[in-house]
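Participant: Given next are the chains, with one letter for each unit.
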Amino acid sequence: GAGVSQSPRYKVAKRGQDVALRCDPISGHVSLFWYQQALGQGPEFLTYFQNEAQLDKSGLPSDRFFAERPEGSVSTLKIQRTQQEDSAVYLCASSLGRSIYEQYFGPGTRLTVT
Amino acid sequence: KQEVTQIPAALSVPEGENLVLNCSFTDSAIYNLQWFRQDPGKGLTSLLLIQSSQREQTSGRLNASLDKSSGRSTLYIAASQPGDSATYLCAVADAGNNRKLIWGLGTSLAVNP
Chain D
1 GAGVSQSPRY KVAKRGQDVA LRCDPISGHV SLFWYQQALG QGPEFLTYFQ
51 NEAQLDKSGL PSDRFFAERP EGSVSTLKIQ RTQQEDSAVY LCASSLGRSI
101 YEQYFGPGTR LTVT
Chain L
115 KQEVTQIPAA LSVPEGENLV LNCSFTDSAI YNLQWFRQDP GKGLTSLLLI
165 QSSQREQTSG RLNASLDKSS GRSTLYIAAS QPGDSATYLC AVADAGNNRK
215 LIWGLGTSLA VNP
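From first to last, the protein sequence lines stand for chains D and L.
Just so it is clear: in the first sequence, position 69 is 69 by the working numbering, and no numbers are missing.
All you need for the working numbering is the position in the second sequence, starting with 1, plus 114.
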């Protein structure tokens with residue numbers, strides 16, 4: 001079956017622009033996670049959804065970051081007024097269960113803010 | 115605060131060698147530990163997941179062990195192949211908040227033919 005897909009794969013934004021990153025999880029997966037991975041670093045947790053409910057957004061670095069999953073399937077991570085420090089790969093993962101069982105990752109979106 | 119450290123940061127070995135990657139964590143109260151592989155330009159692939167009650171997991175040439183009391187996990191790769199070249203990441207889910215994975219920086223592995 002299809003895995004987790006993310007779009008766009010690459011995004012270049014000028015500082016101050018708003019961007020929206022999309023994640024399509026594996027069908028039927030209850031849990032969805034967003035991570036930010038800076039160059040040479042491990043991923044950093046951003047936020048977690050269980051179905052449509054955002055249960056943990058403690059990793060979002062500022063109020064410029066907003067995530068939603070309105071129908072419990074596709075999720076969008078929005079970054080307003082992008083800054084250079086937002087440049088990173090944004091990874092989405094989904095998991096079948098409500099706890100952290102095996103997570104399946106998408107290929108990521110590489111965001112470059114110029 | 116849980117912290118995850120991976121040693122070595124980089125490793126280069128000739129094909130056929132058996133090798134060990136190390137992961138240590140500061141808080142032994144974990145829910146589970148996962149090993150992932152990351153290839154350049156691609157997403158993360160889960161290799162092995164060890165629940166806190168388990169001591170090891172095996173998949174093909176890979177074996178991961180977990181020693182919670184000492185805060186350590188090792189990933190053993192037998193008979194390494196050039197196709198094993200990738201970055202290997204260790205991630206821990208805390209018992210107190212098992213929705214959040216805390217990651218190491220990874221070990222970059224190069225297996226030379």
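No lab work stands behind these hints, which were simulated from the structure alone.
Any given hint could turn out to be false.
[Stated by the list, open to error] Partner residues aside, some chain L positions facing chain D, computed with beta carbon under 8 Å:
1) Arg151
2) Gly157
3) Leu163
4) Leu215
5) Leu219
[As the list claims (entries may be wrong)] To spell it out: a stretch of chain D is covered by chain L in this simulated footprint if at least three of its residues, at any positions, have a beta carbon under 8 Å from a beta carbon of chain L; those stretches are:
6) 16-30
7) 55-62
8) 102-109
The C-beta atom is built at its ideal place from N, Cα and C for all residues, glycine as well.
Participant: Next, verify each hint and record whether it holds.
Facilitator: Going down the list of hints, with the structure as the test:
Contact between L/Arg151 and chain D, as hinted, is not supported at the beta carbon level, the nearest pair being about 10 Å apart and thus beyond 8 Å. Because the smallest distance between the Cβ of L/Gly157 and any Cβ of chain D comes to about 4 Å, under 8 Å, the interface hint for this residue holds. With its C-beta approaching chain D no nearer than about 5 Å, L/Leu163 sits inside the 8 Å limit, and its interface hint holds. Evaluation of the L/Leu215 hint against chain D yields a held restraint, the C-beta minimum of about 6 Å falling below 8 Å.
For the restraint placing L/Leu219 at the interface with chain D, the shortest Cβ-Cβ distance is roughly 5 Å, inside the 8 Å limit, so the hint holds. Given as covered by chain L, the segment 16-30 of chain D fails the check, having 0 residues with a CB less than 8 Å from a CB of that chain where 3 are the minimum. Three residues within the 8 Å Cβ limit are the bar, and the segment 55-62 of chain D against chain L gives 4, so the coverage statement holds. Figure legend: the segment 102-109 of chain D, annotated as covered by chain L; annotation consistent (7 residues with Cβ-Cβ distances under 8 Å, at least 3 required).
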